[in-house]
Amino acid sequence: MKLITAVVKPHRLDEIKEALQAFGVHGLTVTEASGYGRQRGHTEVYRGAEYTVDLVPKIRIEVLVEDGDAEQLVEVIVKAARTGKIGDGKVWSVPVDTAVRVRTGERGPDAL
Amino acid sequence: MPPGISTLAADAPELSAANTGFMLICSALVMLMTPGLAFFYGGMVRVKSTLNMLMMSFISLGIVTILWVLYGFSMAFGTDIGSIVGWSADYVGFGNIGVTELWDGYTIPVYVFAVFQLMFAIITPALISGALADRVKFTAWALFITLWVTVVYFPVAHWVWGAGGWLFEMGVIDFAGGTAVHINAGAAALGVILVIGKRVGFKKDPMRPHSLPLVMLGAALLWFGWFGFNAGSWLGNDDGVGAVMFVNTQVATAAAMLAWLLYEKIRHGAFTTLGAASGAVAGLVAITPSGGSVSPLGAIAVGVIAGLLCAIAVGLKFKLGYDDSLDVVGVHLVGGVVGSLLVGFFATGGVQSDAKGLFYGGGLDQLGKQAIGVFAVLAYSLVVSAVLAFVLDKTIGMRVDEDVEVSGIDQVEHAETAYDFSGAGGGAGSRKDVPTTGETVAAAGQNKKVDA
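First to last, the protein sequences are chains B and P.
Here my numbering is used: position 52 in the first sequence is 52, and no number is missing along the way.
Here my numbering is used: position 385 in the second sequence is 385, and no number is missing along the way.
Be careful, since some hints might not be right.
[Stated by the list, open to error] If you want a taste of the chain B side facing chain P, the calculated C-beta under 10 Å gives, among others:
{"no.": "1", "residue": "Arg47"}
{"no.": "2", "residue": "Ala49"}
{"no.": "3", "residue": "Thr52"}
{"no.": "4", "residue": "Val74"}
{"no.": "5", "residue": "Glu75"}
Calculated directly from the structure, the hints in this document are not laboratory data.
Virtual Cβ for every residue (Gly too), placed ideally from N, Cα, C.
Take the sequences, apply the hints, and build the full model.
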């Protein structure tokens, strides 16, 4: 199994969710996050003063998938998240040892 | 404050039930301004110091009330001593005031006048707190209020409003507190921040308001309460002046809000909520000294000028590097000065007194008096407040530790936080019926479709 993590622009959430559903993913976890990448935040003006805002709002999506689907799902997410502008975010995947469905106790791919 | 109204009877005034009832309601309205101010300021700070900001205003209701009864009323409105301060043993502890004893020259009891003026004494130090957000020890603040009202507010109220007070006798017009309340508080705020310095991260971190709805609620309560503050300051309704003041309060506030918003839109590209709230308050401040002497069209001018100048002023703190956190100087000092000086231009001579401003053929006479009033209160409050803050800082310390400031003053000074959003957890150890299978919980979680 693999854990795919995507940190992306908040307004792309719905597109990504729909793309994942169309692919057949059964569940995902979404968290509001903040951070910066190479774009290093941005400046904004408030009450006449200019500020550098380092941490910009992002959302973090986590999906557990079977090994075979991982590469393709990363592509699905990247495609749905892309706007082509700076700050589009990142997607990565890592191997996962165990997954258990709490209600039934099923383990491994059955738990997905 | 009017120089003694002339009742129709022309003899000694008699107690008026209507005026007394009206003034008690006005006193309650002015009381509401202090919690309103607490919300106005409380919404403007970051989430970690919300409660401290609310408490800095709220504590004034406690401290100043007691001091006012003990000796404050006597110092402000007792028999004049050298045009500087008052003192009447009868007023100490409100100990020897007759139930039906009338305030000299008016139709309301002394008790009513005393409680109305008390509400002004409460809100004035509370106004200062906005400049000191996030960083002042609560005990130091409580002591500061105690000392400040004693050596600054009580005497200055006497100068401006007390019979025999030197500005009062000179003929400075301050209908409801442009000098005694707003310039006084604004100058004090400037004096204190010059001593205690800026917040950690000032200029680097935007420090945006954590709850603009709270700011709007506060501004709305201030606007509402201000009708009591302004219209009530005539101490009765026998000649319609209070009604003119009421109208002008509404008109100038509307104009100032619009002016601030337009300035902001043109300059920075958006109509902000904070701008609307701040603009309204700037208008209220500016019409406070002037509303009893200008026409409604004059009130529009006062509002527009105040809204614009205050909007420009709040941007200056970044350029000058002073951390007037919530713009007490930019709104109250600047707005108070603008309103007080504009009396010298826009006074029609046909409302509260026959003093005419420059634009109504009165020459520079009234403007000169207004300028003396503005400068005297500004300078005295600025210097004495800075000295008080300096003394407190050298003895018990004005500021909390940097760590406390960064992690949030609420937790350390008040042992509370403003909001608790954590719905999870709690009560596991004492539950009677712990579900062991998934059935009950799953059933509870499902089918929560609601028609809405």
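Exercise. When the hints from earlier in the document are held up against this structure, which numbers fail?
Worked result: 4, 5
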